[in-house]
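Q: Each chain is listed here by its residues.
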Amino acid sequence: MMKTLHGGLRRLASLRLTLACLALAALIALAGDVGGWPTGTLIAVPFVILFVNLAAAIATHGALRTQAGLFGFHLALACLALLAAIDRLSGLSGHVEVTQGTAFDPTLVEARIGPLHPGSLERVRFVQGRFEIDYAPRLKRRETRSTVYVPDDTGNWHPVIVGDDTPLVVGDYRFYTSFNKGFAPLLSYIAADGTIHSGAVHLPSYPLNFFKQGNVWTIPGTGREVKLWLHVPEPVFVEDAPWRFRIPDDAVLVIMDGAQRYELRPGDTVPLGGGRLRYEELRTWMGYTIDYSPMIPWMLAAAATAALSLAWHAIGKLRRSDWDRATGAEERAHVR
Amino acid sequence: MRLRRRDARLLAALLVTATVAGGGLAIDRWMSERSTASRPAATSSAVAASPDPATRVRIAALFNEGLRALRTGTPETAAAAFKAALRLDPHLPAAHVNLGFALLDLDQPTAALQAFDTALSLRPDQVNAYFGLGEAHERLGDLPAALGAMRTYVHLAPEDDAFRRKALSAIWEWEAILGRTAAASNEAQKPTPEAVPVATSATPAPAPSQEEPPSDARARSETMFGLLTRPLLGLDGTLESLQYLREKTIVLNVWATWCGPCRAELPSLQRLSERLDPQRFAVIGLATDQDPDFVREFLSDVGIRYPNYLDPDRDVTSGILGVTSYPQTFVIRPDGSIAERIVGARAWDAPDMMARIEGLSGP
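Heads up: the sequence lines are chains A and B, in that order.
Per the working numbering, the very first residue in the first sequence carries number 1; after that it's consecutive.
Per the working numbering, the very first residue in the second sequence carries number 1001; after that it's consecutive.
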């Protein structure tokens, strides 16, 4: 029985299986990133097999019994494989747009979520403030400084500056600003029954889509669609000079309701769909990428430990005297 | 005397565990301190179950349903499933491509062409879209465009791609057909008027430019009559044919709002339209965008006043004119023949360009 178990473990500890796992992981990564295949959390599979393979190697290979450096290297690699699998199975990667002056809404998040994801974006709370983005000539985006307001333990809100490399960390979720941002006209619609609906319509990302600052909006309670277009008489940016993202002062919101066309400035009201539409003001929206990779620090530590263990093993080999080598050879002969 | 080494596994295991756990904790703390850490009490407490991304699940189900339908030979179901998936998320290149293949099966090559084009605009390296594009162009009778698309497919597809052989066969076949057509065209250059039905104008035809091979110009001239008589979608939503311009030389600019070079050349086209003799010339824009209202507002923003039309299904631009890249500008003589086809953006109001266009209209 024990012999059969040992034989099975020896087979699981095969170096070929190690190489096959690494190749499979590389293949899945390439298929997902380059080929665009929906690999999802499939990459966890080779990492789990790799963990089993390394654990079997640790259990069965006699050479690891006396070579602490090599043993540590294998153990750290096994940890790394397991951590990588857990990270992919519990991770989250997504994006969201938040309107200036409004709270983060988790229902608007589009995300790829691992099946073992333990968190909940429902608990994330912050309010989007103003943001600044510097551009170099030729529309090259430089630093983004997005102010968000986060509640502390006492219920007070305090400002936090978020950027492309400076995340807002909330409950292990990391929010980074992205290239995606734009204008958002704030509208209030007073329906025929007196109900007031307020909301913002996000126009396509600016300046990426400066030529298409339009969107479709459904009149609340009617299902009827009207089109919106933001007319910006004076360009916000100059292509060959540095500039900073700003809300245009002279923008005009165009509402197209069939053949009817209205031009609105902040505060203007028009009759629409049996009610009245008021254009409150022009705001901005900011796009964030959301990342939840809880095992990254431990994976980094495991990788460093593996490297140190291997170095320890290599140094031990180099420093071993002739007498040690002879003893080692004798010991290996004995092990066999 | 035999010396046995100490079993160091326990020590190593302890060391490794301590290093990974302690190191990870230290790195985690360091990362948190370095970043804009904000951990409100509400978020650091016990966490709830992750929300179910219902829309994603629905899209995946529709996508798989579409694939199954495609494989089982029911393209109507497949097209409906892919369209439903795209309504939920219009930014899925794979869904656009598969919708294109379903539409090809439904014998709707024009709509399929648009689906493949959309997929490529979303993801230029969506390899199978080029295969579909080639098939769609072939169905529409535009073999040069089909050939171009299929060559791109072969260029980008992996060596062991299942459809590579089929693509190569198609390329050989189309090259052979085009070779025969070219040979026939060379024969046709002999003075046989009935072989060139549209070249009946008394006006001596100017030499075709280098950008439009003579055989292509003649081959397309007949279809230009189709273009002039075909109703085009105006920016006010009404249909109108270009018949009212039959006495004029038309400078027809094919463009799209999303195309940077197209946008760049629009002001010079506006100036060209103002400087050319309106009795003899007309500058016309044909946009491939989907929404006439947005195109109208865009043109208003950039100060374009010459007439513009829309070809959202690309029936005219791809089907009749064979346009596969933007911008392209056609100078069409009053007899309906193409005097010149110019690929890419130009400074249209430059003196040499104006002289060239005026020279193309004949006396």
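Hints may contain errors.
[Stated by the list, open to error] Incomplete in silico selection of chain A near chain B, CB under 7 Å:
1) A68
2) L208
3) K212
4) V226
5) K227
6) W229
7) P297
8) W298
9) A301
10) W312
[Unchecked claim] Here are some of the chain A residues that sit facing chain B, going by a computed Cβ distance under 10 Å:
11) L15
12) T18
13) L19
14) G72
Just so you know, these hints were derived from the structure itself, not from any lab.
Here a beta-carbon is modelled for each residue, glycine too, at the ideal position from N, C-alpha and C.
Q: All hints, please: hold or fail.
A: Hints, verified against the model:
no.	hint	in the structure
1	A68	holds, 4 Å
2	L208	violated, 10 Å
3	K212	holds, 6 Å
4	V226	violated, 10 Å
5	K227	holds, 5 Å
6	W229	holds, 4 Å
7	P297	holds, 4 Å
8	W298	holds, 3 Å
9	A301	holds, 3 Å
10	W312	violated, 9 Å
11	L15	violated, 20 Å
12	T18	violated, 18 Å
13	L19	violated, 21 Å
14	G72	holds, 4 Å
Hints 2, 4, 10, 11, 12, 13 from the earlier list are contradicted by this structure; the remaining hints agree with it.
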